[in-house]
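Asks: Chains as they are written, first to last, in our numbering: chain U, -9 to 329; chain D, 843 to 1156.
Read the hints as simulated data drawn from the structure, not as lab findings.
Under the rule of at most 20 Å between Cα atoms (straight-line distance), these lysine to aspartate or glutamate pairs were calculated in the EDC-like manner: (1) U:Lys(-3) with D:Glu949; (2) U:Lys(-3) with D:Asp958; (3) U:Lys0 with D:Glu996; (4) U:Lys(-3) with D:Asp1090; (5) U:Lys163 with U:Glu64; (6) U:Lys(-3) with D:Glu1082; (7) U:Lys0 with D:Asp1090.
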Amino acid sequence: MMASISKSEKAYIQASLLSSNPLRADGRGLHDYRTVSLETGVAPLANGSARVNFGKAVDEGGGGTEVLAATKLEIEDVKPGEGEEGGRIVCTVTCSPAAYPQLSSNALDELQYDYTTILHQTLSHPSLHPTDLGIIPYKKSWLLNVDLVVLSDAGNIYDALFMSARAALWDTKVPVTRAVQYVPPQSDGARGKTDTEDTMEVEGVGSSSLDTRHMPTASDFELSDYWDEGAPLSGREKWPVCVTLNIHSTAYFLDATLLEEASIPLKLLVVYTFTSPTSSSIQALRLVGPGELQLPQIEKLLQESEPFARQLHTALNTKLKDEDIRRNQKARDRFALRS
Amino acid sequence: MISFASFPTQTQNYGITKHHPDVQDDVNMDIVFDEEDLSSKRLTCPGEVLTSSQTFMRGHGTYVVDEEVISSVAGTIEKVNKLISVRAVRTRYNPEVGDLIVGRIAEVQPKRWKVDANSRQDAVLMLSSVNLPGGVQRRKLESDELQMRTFFEEGDLLVAEVQAFFADGAMSIHTRSLKYGKLRNGQLVVVPPVLIRRLKSHFVTLPCGVDLILGLNGYIWVSKHVKDNEQEGEEGFDAEAVYSNRNDAIDDATRSAIARVSNIIRTLATYFVPLTDAVLLEAYEWCVEQEGGVADVLQQDVGEALVAALNAPR
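Pulled out of the complex, with its shape left as it was, chain U reads as follows:
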């Protein structure tokens, strides 16, 4: 975030960006990312989790931007007006004080709030809503909590947040449930002896059952015996990726380090979702920083950012599929050893 930087360092970075042969502090090109380390399934008690690190050398102990994301499903009542399925998504970002040692606790809260807002607004948008969050129509649904922790920040935090959220959501398994319904016995004579509660209710409403005919009758649910922790959350291809364009006058670059972030006036966050191999849609757009942009410039930047987001999306999908295979294999090996 607000790394202190001297004027000459700033000038050095800016001059390098604008030179005919741009070269960054660590020898990267303008559109190169640092190495991204990614791992899913890091939190055993979560329904889905992921850890992402931007820019840590393989054998190094620390360094880089590190974000931990986890999803947890909670059961809640469907409130009136939430439709048949219900189901909400709530994102929360927490920043570890160790990631921002220079910030006071108030400033840290504000920063967390900023991150939370952009993530929550984007991910809980109806267009991304998964279809399998309902448990019992009009009654119970899953509340999907997406919690992210920023463990360290070495620049490009938004891309890391979105990437880790996407990986955790990709990894999320929804427990398989089956609705349970009370079927009243046919004969009137048996009524009232076995299930007192239900008869009480019925008596309160009135003996006529015509009104309740179209009401969903399932009142409870059970977890069915399933071979895995659950079924993958639906629509996991849809979760968006974020590309941050760091803009300095006419030049822009991706994946800025802290010092680079401190020396540019403006960041443009573009969040894309890719529903099919050819089509894409922008889910969110945000300008961060004191700089200014003209509308034509934004249009041009949006056009140019799409290929970057697509590459990011493709690479991330490949990695996530690799992770799925790795974890499944690991489980198989573990069981093979035991038997």
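Position chain D relative to chain U; hints supplied.
Replies: This is chain D only, laid out in the frame that chain U set:
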């Protein structure tokens, strides 16, 4: 454009200290802890029992449980008479008088600057310890105090020497030499302070047109080479030039050389290779021989090859 990697798998051999192959045999031999085997070569693990507290006094980096001195950090054992302490491998910088450091101004206070020098406390640079415009020897005036930010402001990088310590252990630094002062024309690389060896001179010039300042606090300034006769303040002190924030024109070749040297330093730090001018020179030559790109050395295989080449006997 983007490449993904996995996190390294965690090794399960906790409690086993990894030693350099040269001392591994010695370490394996000494299973019984006696006074003689507490050689400075040995590395410790946190929680490792070092000796009995009956015979030794515990120093820094150790604690006592059940009359046994136990290491609380990973590092090397140091023994002074009956005092046993462990110097941590990963630690903040421990200043000593006369050290050359590179620091960043953190705060401007009345008559002093607070300087971040990777130490436990911020270093203090007094207004009386800097060179001021208009002659080296003169009294500090109130006007100087009012324009302290024209000399150094928050975020500025400077090279200085540790002068003395305050009662609370904070260091006082000074820039009263033409070699010291504000830094420009380059970029900063941060490495663990233990990797900086004490050298005859910490101002290193590589033949690729790159100057290095190896601060003992682990901050390394990599910049464009400035010829000796062009150094500021040569004839009469030119405050304008010494406290300037403006970079010289830097051509692409120098820029890429600076980036390459920075990457080499980062790679060597990753593999925990102590840095000296000779090592850096050799590493740079190796990288140029490989004819790779500037960022190649950050890749794992290239980095390992570089370290292997540096360690190879000649």
